[in-house]
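Trainee: Could you build the full structure based on these sequences and the hints that come with them?
Protein chains in written order, with our numbering: chain U, 1 to 322; chain A, 1001 to 1296.
Calculated directly from the structure, the hints in this document are not laboratory data. Some hints here could point you the wrong way.
[What the hints assert, rightly or not] Which stretches of chain A does chain U cover? Using the computed rule of at least three CB atoms under 8 Å from a CB of chain U, they are: (1) 1100-1113; (2) 1146-1154.
[Stated by the list, open to error] Label pairs and their calculated CB-CB ranges: (3) A:THR1211 with U:VAL12: 43 to 49 Å; (4) A:ASP1210 with U:LEU140: 54 to 60 Å; (5) U:PHE89 with A:ARG1090: 27 to 33 Å; (6) A:GLN1212 with U:LEU123: 27 to 33 Å; (7) U:LEU303 with A:PRO1175: 34 to 40 Å.
[Said to hold, decoys possible] Covered stretches of chain U (in silico footprint by chain A; criterion: 3 or more residues with CB under 8 Å from a CB of chain A, positions within the stretch not fixed): (8) 29-42; (9) 289-297.
Ideal Cβ placement from N, Cα and C applies to all residues, glycine included.
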Amino acid sequence: MSALFGYGEYAVSLLTIGGIYAVMALGLNLQWGYGGLFNAGVSGFFAVGAYASAILTAPPMPGHFVGFGLPVIVGIASAMVLSAAVGWFVGRICLGLQSDYLAMATIGIAEILRLIIDNEIWLTNGSRGIVAIPRPFEDLPGVWRDLAYLGLVAAVVAALYLALERLARSPWGRVMRAIRDNEAAAAAFGKDVASFRLQAFVLGSMAMGLSGALTAHAFKFIGPDATLPLITTFLVWVMLIAGGSANNRGAILGPIIIWTLWSATELLTGTLPPEWQIRGSYLRVFLIGLLLQVVLQRFPRGLLPERPPRPPEAEAPQTERA
Amino acid sequence: MDLINLYLIPGVVLGCIYALGAVGLSLIYGVLRFGHFAHGDVMTFGAYVTLSAVALLGLSPFAALPIAMLVTALLAILIDRLFYRPFRDRPTIVVVIASFGVALMLRSLVEIFWGADDRSYETGIRRPVTYFDTLVIAPRHVAIIIAAVALVTVLHVFLTRTRLGKAMRAVSDQPSLARVCGIDLDTVSLWAWVFGGALAAAAGVFLATDTQLNPNMGWNLLLPLFAAAILGGIGKPYGAIVGGLVIGLAEELSSFPLFSERPLVPPDYKTGVAFAIMVVMLLWRPQGLFRGRVFE
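Mentor: Below, the structure written as structure tokens:
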């Protein structure tokens, strides 16, 4: 019975983290799947959200760290606003230029933010991280606490999914896809390409900030390690591409599957003798990298490929997106 | 004198390292038209190959350099074959994503084989030498600067005196015209990887000689490398060399206490200087100082 209970708890935490990754992947899907914008600094937007919410809601520790002790909802809302603002700043600089620049500038922002987090100890408590971040529903008894938080994450994912589906099927979504597939043609139809791209980029950044805030509250702790590019930027890219970019269901399925794989292999390497455990964890990273390459080369459309909404009349032949 | 000893010379050394990395980045962009995001990790790999050569063959890091350059060049060719070439007919952004994945794979390979701890080629304190009573310079800095100048000279002779080097510049300047002239793109791209990989290995070894080996050393350099390549005009090897020197000097000089006792920019934020230069270039002159091309 207790073993069963353990599995249940494991499943709840698995789904909670998977759900948080799904929020991130939905944001990235808006940027990459619908907008064709390569954001290589997801970890930066994640960090802005996580730290903004953590700093605003954690209790102050005099002499160590500021902390404002505000309600969680204020923290989460500010996290979204702040990461959207960073997205706007990066987008304004780079979206007029081409994709490689955007990739570099987003990596740049992410690395600079990492420096700030490591060095501005008065604000972020440096490498020790911020502790005692409040978590919603923490007064509930036993399992209900974790289940309620899972419910919150699931509600966020569902709301985001519905909103993005609406958006993808709206005229706005059609323009985004048109810009992605043929920028010149979209511009010739009088669409303001730069402005549409900026909107997609800012909205995507906002979702990434939201996922950061949800992570900070889920663990009640945030430290610089959580903002390493590997576990945010990289993993979420693998998730989105494996799940199927430009498909919001893929952006939810991918994170759940990849996160299950990622965390199940962690259990597996945990059973290795100690001298192999560390190597095993690096091997895991290598294999996930290899998985990305295999998916990119063999299954470029992912598990759930894009299904553009059909035009109301006239069965227009659908061209495959390269 | 402090300005020269503690800021200018380290700046030139760092600039040489950046220049060698950025040249490769620029060559690869010129021929293959994509930003190679695994370049920093190729540098790391070269540095660790040298570590093994030093340990196994008892060579000094500089003597082991040719071996590391050769091995890393071969690795670069292999990576191209396995992970980049299959995407030739797909949008370039897919190759960029693939290179992002290769960066991570290379780093984890380094961690699997050599571990994640800081390492160095030789232990013990190395004493700087004083010239003319006031000029203090570490022998390793002299060696790095001389070796970097020698490598850039070799590259210069290759680009200006050999058929292949001229072909490479032609492809970089005008790909369609070059193809019409009968230049074989496969050979040119092969050699872009050879030079890119070998120079990256050299940059990695110099960085490790100057500081330490760490699996993240190359990834952390990606930002200044791209800043240097963009500053010089992407696709322009000579521009990348100048760009590398400028960024290296700017990063080191930025911590000089010019107006007060405190450094101009806290040393922890050196990378921020490279980023700031890059952002200014992107806003003001995305084609770079030397009229390279804009990523397309």
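Trainee: Are the hints correct? Go through all of them and say.
Mentor: Outcome of the hint check:
| no. | hint | verdict |
| --- | --- | --- |
| 1 | 1100-1113 | holds (count 10) |
| 2 | 1146-1154 | violated (count 0) |
| 3 | A:THR1211 with U:VAL12: 43 to 49 Å | holds (45 Å) |
| 4 | A:ASP1210 with U:LEU140: 54 to 60 Å | holds (55 Å) |
| 5 | U:PHE89 with A:ARG1090: 27 to 33 Å | holds (31 Å) |
| 6 | A:GLN1212 with U:LEU123: 27 to 33 Å | holds (29 Å) |
| 7 | U:LEU303 with A:PRO1175: 34 to 40 Å | holds (36 Å) |
| 8 | 29-42 | holds (count 3) |
| 9 | 289-297 | holds (count 6) |
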